[in-house]
Amino acid sequence: MTVVDDLASDPASSDPASSDPASSAPASRPPAVRTVGLTKRYGSLLAVNDVHLEVPTGSIFGLIGPNGAGKSTTFAMVASLLTPTSGTLEVMGIDPGADRSGLRRRMGYMPDTLGVYDNLRVSEYLEFFAASYRVPRRQWPRLIDDLLELVELTVKKDSMVNSLSRGMKQRLSLARSLVHDPDLLVLDEPASGLDPRARVELRDLLRGLNAMGKTIIISSHILAELEEVCSHVAIMEAGRLLASGPPRQILDQLGGSRTLRVRFADGTTETYVVASSDDQVALLRRLVLGEDRQVVEFVEESGGLEQLFLTVTQGVVQ
Amino acid sequence: MKLTVNPVLARELKERMRGLWAFVAMMVFLGLLTLTVWVVYEANQATSGFGFELERQTRLGRDLFEWVLSIMLVLVLFFVPGLTAGAVAGERERQTLLPLQITLLRPRHILWGKVMASLAYLTLLVVASTPILAVAYRLGGVTIIDALVGLASILAVGVLLATMVVGISAFAKRVQSATLIAYGFTLVLSLASFIAYGIVLVIDDNRGVDPTNAPAVLLLANPIVFLADATAGQNIDVGQSPLVPARQLLRDAYADNDGWWIGQSQLDDGFVVGAPDVFVEGGGFGGDGFGGDGVGLDPPVPGWALSLASMAALAAALFWLGCRRLRTPAETER
Numbered sequence: 001m002t003v004v005d006d007l008a009s010d011p012a013s014s015d016p017a018s019s020d021p022a023s024s025a026p027a028s029r030p031p032a033v034r035t036v037g038l039t040k041r042y043g044s045l046l047a048v049n050d051v052h053l054e055v056p057t058g059s060i061f062g063l064i065g066p067n068g069a070g071k072s073t074t075f076a077m078v079a080s081l082l083t084p085t086s087g088t089l090e091v092m093g094i095d096p097g098a099d100r101s102g103l104r105r106r107m108g109y110m111p112d113t114l115g116v117y118d119n120l121r122v123s124e125y126l127e128f129f130a131a132s133y134r135v136p137r138r139q140w141p142r143l144i145d146d147l148l149e150l151v152e153l154t155v156k157k158d159s160m161v162n163s164l165s166r167g168m169k170q171r172l173s174l175a176r177s178l179v180h181d182p183d184l185l186v187l188d189e190p191a192s193g194l195d196p197r198a199r200v201e202l203r204d205l206l207r208g209l210n211a212m213g214k215t216i217i218i219s220s221h222i223l224a225e226l227e228e229v230c231s232h233v234a235i236m237e238a239g240r241l242l243a244s245g246p247p248r249q250i251l252d253q254l255g256g257s258r259t260l261r262v263r264f265a266d267g268t269t270e271t272y273v274v275a276s277s278d279d280q281v282a283l284l285r286r287l288v289l290g291e292d293r294q295v296v297e298f299v300e301e302s303g304g305l306e307q308l309f310l311t312v313t314q315g316v317v318q
Numbered sequence: 001m002k003l004t005v006n007p008v009l010a011r012e013l014k015e016r017m018r019g020l021w022a023f024v025a026m027m028v029f030l031g032l033l034t035l036t037v038w039v040v041y042e043a044n045q046a047t048s049g050f051g052f053e054l055e056r057q058t059r060l061g062r063d064l065f066e067w068v069l070s071i072m073l074v075l076v077l078f079f080v081p082g083l084t085a086g087a088v089a090g091e092r093e094r095q096t097l098l099p100l101q102i103t104l105l106r107p108r109h110i111l112w113g114k115v116m117a118s119l120a121y122l123t124l125l126v127v128a129s130t131p132i133l134a135v136a137y138r139l140g141g142v143t144i145i146d147a148l149v150g151l152a153s154i155l156a157v158g159v160l161l162a163t164m165v166v167g168i169s170a171f172a173k174r175v176q177s178a179t180l181i182a183y184g185f186t187l188v189l190s191l192a193s194f195i196a197y198g199i200v201l202v203i204d205d206n207r208g209v210d211p212t213n214a215p216a217v218l219l220l221a222n223p224i225v226f227l228a229d230a231t232a233g234q235n236i237d238v239g240q241s242p243l244v245p246a247r248q249l250l251r252d253a254y255a256d257n258d259g260w261w262i263g264q265s266q267l268d269d270g271f272v273v274g275a276p277d278v279f280v281e282g283g284g285f286g287g288d289g290f291g292g293d294g295v296g297l298d299p300p301v302p303g304w305a306l307s308l309a310s311m312a313a314l315a316a317a318l319f320w321l322g323c324r325r326l327r328t329p330a331e332t333e334r
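Chains as they are written, first to last, in the working numbering: chain W, 1 to 318; chain H, 1 to 334.
Careful: at least some of the hints might be erroneous.
Capping the alpha-carbon separation at 25 Å, the derived lysine to any residue pairs in SDA-like fashion look like this [unchecked claim]: (1) 156/W to 120/H; (2) 156/W to 238/W; (3) 214/W to 200/W; (4) 173/H to 157/W; (5) 157/W to 20/H.
The following label-pair restraints were derived from C-beta to C-beta distances [unchecked claim]: (6) 18/H to 102/W: 53 to 59 Å; (7) 176/H to 134/W: 30 to 36 Å; (8) 134/H to 134/W: 42 to 48 Å; (9) 97/W to 203/H: 48 to 54 Å; (10) 142/W to 305/H: 47 to 53 Å; (11) 98/W to 324/H: 28 to 34 Å; (12) 202/H to 95/W: 57 to 63 Å.
Below, a sample of chain H positions facing chain W; criterion: calculated Cβ distance under 7 Å [stated by the list, open to error]: (13) 13; (14) 18; (15) 105; (16) 108.
Simulated from the structure, these hints should not be mistaken for laboratory data. Just so you know, even glycine gets a beta-carbon here, dropped at the ideal spot from N, CA and C.
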């Protein structure tokens, strides 16, 4: 766990190098993304303010924050679309300003807007981007079949893009960002506008991609979605990074609480609120199971990330 | 060497030819040219007096040729901004620009693909209109070279204008505003040089004894002047086509100054020693005409070449600016 609100003003303590390493990331691998004092200013507006961040390689990293928090601007800088006003940025060991092509070969980017060419077929759309990424032509047929199978759009291969539903277009956009087999995926609000089924499918898809070894950075307003899928999160507000790390670790350090629900065989349900640490949950579990009553269910109420978000952010709008 | 097609060009052509608009535009283009031939033919038949049949027919052929080229130029000036104004603004509007910018394509590849797509469609229009020009060729007064030069000139204007408009399009956020700016720019390109020349001429006339004249070079960055000079064949002072006045204006401006800029002879002694030159067969300014010193005025560089070069320079500048606008990482884009 790294930065919490009141520590963020102290550069020494907010430096990722001085914080604990991300729990699930292999120690030997360099981070997929590393920012030091990353800042982006538009005139008088400070869109991103002195952000120190490390995204562990192989993680699913969620960037959360309210509208205007600076998430998309951060993503655009990571994706080599914007120049930082100050600070340093390294993506897959590459400086985006110095080697754009090298970075773009290794990174897939899905912006928060759903732009597709309506007058093309699904396969032609992917062919166009394969050509734009200079994927050899002989690889296209196999590549497109594989991608469409991955995003479950095989049956739509010859359909016109404008005939697809929003969820399908979203999946097609994801396939587009995978067309050159990148190591890093930067997905800006990929779940916005999707129905519940499509969200579940997207979540499964992200897990599958992560299992294939891809590092995924994702932003979303839907915190429950991120909680399900992210190994690490970072919380931004008004351009500042408020906290980052594994969600549980952040909660522990914040000293927050966890709500656990226990349902017994006699039909009664009891709710316990314990301190945020795993030790406390384990202790409660031992105590409950030690009773004579038969336990049917022992679950943690969801909303951990939501609780974390509400604890960390202050509702600042700039 | 392995040849690869610009992906933007391939996609643009695919999208464009799938739509109905491409065929409707072609029908309108060819329909208006056919109507021009009919109107000019009928007008000629009604007004032509007595004379040798062959001479009348030849003059009709030349008139038809120049009218068709003139209308073709007007249509190109009208169609190209409409076809290309949305090149980049359209990508922005439908939110496809970011995914495109993040690929390995450089801004110049993206813009060049757009220009080439316009050129390809324009070539289709021009090639489809050759049977209409063939009517003029059949009547006489036009050689194969004349016809080829005419068509090449139209294509040159089209591709240069498309390049300029694509550059402009990179700065617009909406197709509507890009289209308005593109048509405004085309209007300025077509008329500004005449207006500027006219203003300088009026100022010059009001200065009394000052021997300098409005420089002919002012007329050059203009597609109408370019077409008029590039297609100047035999008997260019006769006929009723709209290109004739443009040629006469260019010739007079050149003769007044003894050159494209301010004539050296005028600057030397303060008096105009040059005299009007003449056109000779084969086009352009003649060299063996009657001049004040008995020497004709043969431009070292033809007017059409200077005109083409000035438009190409403008197109290159706008294209470069467009590339800069699309360059990533961008300093500001919000």
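For each hint, the structure was consulted:
1. 156/W to 120/H: Given that 25 Å is the threshold and the Cα spacing comes to 31 Å, the pair is violated.
2. 156/W to 238/W: Violated. Residue 156/W to residue 238/W sits at ~41 Å, over the 25 Å cutoff.
3. 214/W to 200/W: holds, 19 Å
4. 173/H to 157/W: violated, 32 Å
5. 157/W to 20/H: This hinted pair holds, its Cα atoms lying about 23 Å apart.
6. 18/H to 102/W: 53 to 59 Å: Check failed, 36 Å falls outside 53 to 59 Å.
7. 176/H to 134/W: 30 to 36 Å: holds, 34 Å
8. 134/H to 134/W: 42 to 48 Å: holds, 44 Å
9. 97/W to 203/H: 48 to 54 Å: At roughly 51 Å between Cβ atoms, residue 203/H and residue 97/W fall inside 48 to 54 Å, so the hint holds.
10. 142/W to 305/H: 47 to 53 Å: Hint holds: Cβ distance 52 Å, inside 47 to 53 Å.
11. 98/W to 324/H: 28 to 34 Å: violated, 19 Å
12. 202/H to 95/W: 57 to 63 Å: Holds, at about 59 Å.
13. 13: Since the shortest Cβ distance to chain W is 11 Å, the answer is violated.
14. 18: Constraint on residue 18/H satisfied, holds at 5 Å.
15. 105: holds, 5 Å
16. 108: violated, 14 Å
Violated hints, listed in ascending order, are 1, 2, 4, 6, 11, 13 and 16; each of the other numbered hints is respected by the structure.
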